[in-house]
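Enquirer: One line per chain: the protein sequences are A and B, in this order. Residue 67 in this note's numbering sits at position 67 of the first sequence, and the numbers go up by one each step. Residue 163 in this note's numbering sits at position 60 of the second sequence, and the numbers go up by one each step.
Each hint should be verified, as a subset may be incorrect.
[Stated by the list, open to error] Think about it this way: if two alpha-carbon atoms lie no more than 20 Å apart in a straight line, the pair counts; the simulated DMTMM-like pairs of lysine to aspartate or glutamate are:
#1 Lys108(B) - Glu63(A)
#2 Lys108(B) - Glu97(A)
#3 Lys253(B) - Glu69(A)
#4 Lys242(B) - Glu69(A)
#5 Lys184(B) - Glu220(B)
[What the hints assert, rightly or not] Residues of chain B placed beyond 10 Å of chain A at every Cβ, according to the derived structure:
#6 Thr113
#7 Asp188
#8 Val222
Derived from the structure by calculation, the hints contain no laboratory data. Positions of the beta carbon are idealized from the N, C-alpha and C atoms, including for glycine.
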Amino acid sequence: MAINSISLLNPTQITNQTNKLTVQPTPYEAQQNFASFLNEAIQSVNNQQIQSDVLTQKLINGEDVDLHEVMIASQKASITLNATMEVRNKMIDAYQEIMRMSI
Amino acid sequence: MSIFKSMNITSSALTSQRLRMDVISSNIANIDTTRAKQVDGEWEPYRRKTVTLSANEGRFANFLNKAMGKNDVGNGVQVTKINEDTETPFKLVYDPTHPDANEDGYVEMPNVDLLKEMVDLISATRSYEANITVFNANKAMLTKALEIGK
């Protein structure tokens, strides 16, 4: 389990805020930030799937793993995947909304 | 991840109830066991085993949260100990033909009470079901949350 940070604002956030006041991020930077954020999110979804796969594999190999743990891992993976699909649908909606804009 | 905290707590409860079920299985399986362990060269019958459950709040993050005045629900439940029942005496059964009978023809049988074990068995099964219900309710909440804005 991750330990929650002590201060509400961690040092990187503070520097980000000061940066925001002085320089606006260029569109290229904004895109890079968004891409890395998306990459990390999908990575964590993938990790849940891998975790579920590993537990299922252990169960069918007859290792010492409880059935309910396997089921819970698969449910967690399913929920994270559903959440990702929701985010993707929202993104595609936004993109299509912009593309439909008449110029 | 904090959205799965409730699921992790439920998981700990399910694991505890499984272990409790294992202990009950062992008690019922050994209801006629006259040779469980040797004490001073003499065989002693099986002793009834029970589990001790305690709230799992012993992690560093939990103590830190509490010390900082934040609310912390802990990490669920855990089995701290499997105790042997030394209070209840062994049952004496008259059977002179038994190899473990004493000079008077009595055999010491385990202090397992089948009725008690059956009650514990139902209790463990029902607790397991209750926790599955909690899990399903939690999953329904998360699924509903994903429907926000649809």
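Enquirer: Look at each hint and say if it fits the structure.
Expert: Taking the hints in turn, this is what the structure says about them:
Taken as a hint, the Lys108(B) and Glu63(A) pair is broken in the structure, with Cα atoms around 25 Å apart against an allowance of 20 Å. The straight-line distance between the Cα atoms of Lys108(B) and Glu97(A) is roughly 36 Å, outside the 20 Å bound, and the hint therefore fails. For the hint linking Lys253(B) to Glu69(A), the alpha-carbon distance of about 31 Å lies beyond 20 Å, and the restraint is violated. Taken as a hint, the Lys242(B) and Glu69(A) pair is honoured in the structure, with Cα atoms around 15 Å apart against an allowance of 20 Å.
Straight-line distance between C-alpha atoms of Lys184(B) and Glu220(B) comes to about 18 Å, which keeps the hinted pair within the 20 Å bound. Remark: the non-interface label on Thr113(B) conflicts with the geometry, its nearest Cβ contact in chain A lying 7 Å away (cut-off 10 Å). The Cβ of Asp188(B) lies farther than 10 Å from every Cβ of chain A, with a closest approach of about 26 Å, so its non-interface assignment holds. The non-interface label for Val222(B) is consistent with chain A: the shortest C-beta to C-beta separation is roughly 23 Å, beyond 10 Å.
Checked against the numbered hints given earlier, the structure breaks hints 1, 2, 3 and 6 and satisfies all the rest.
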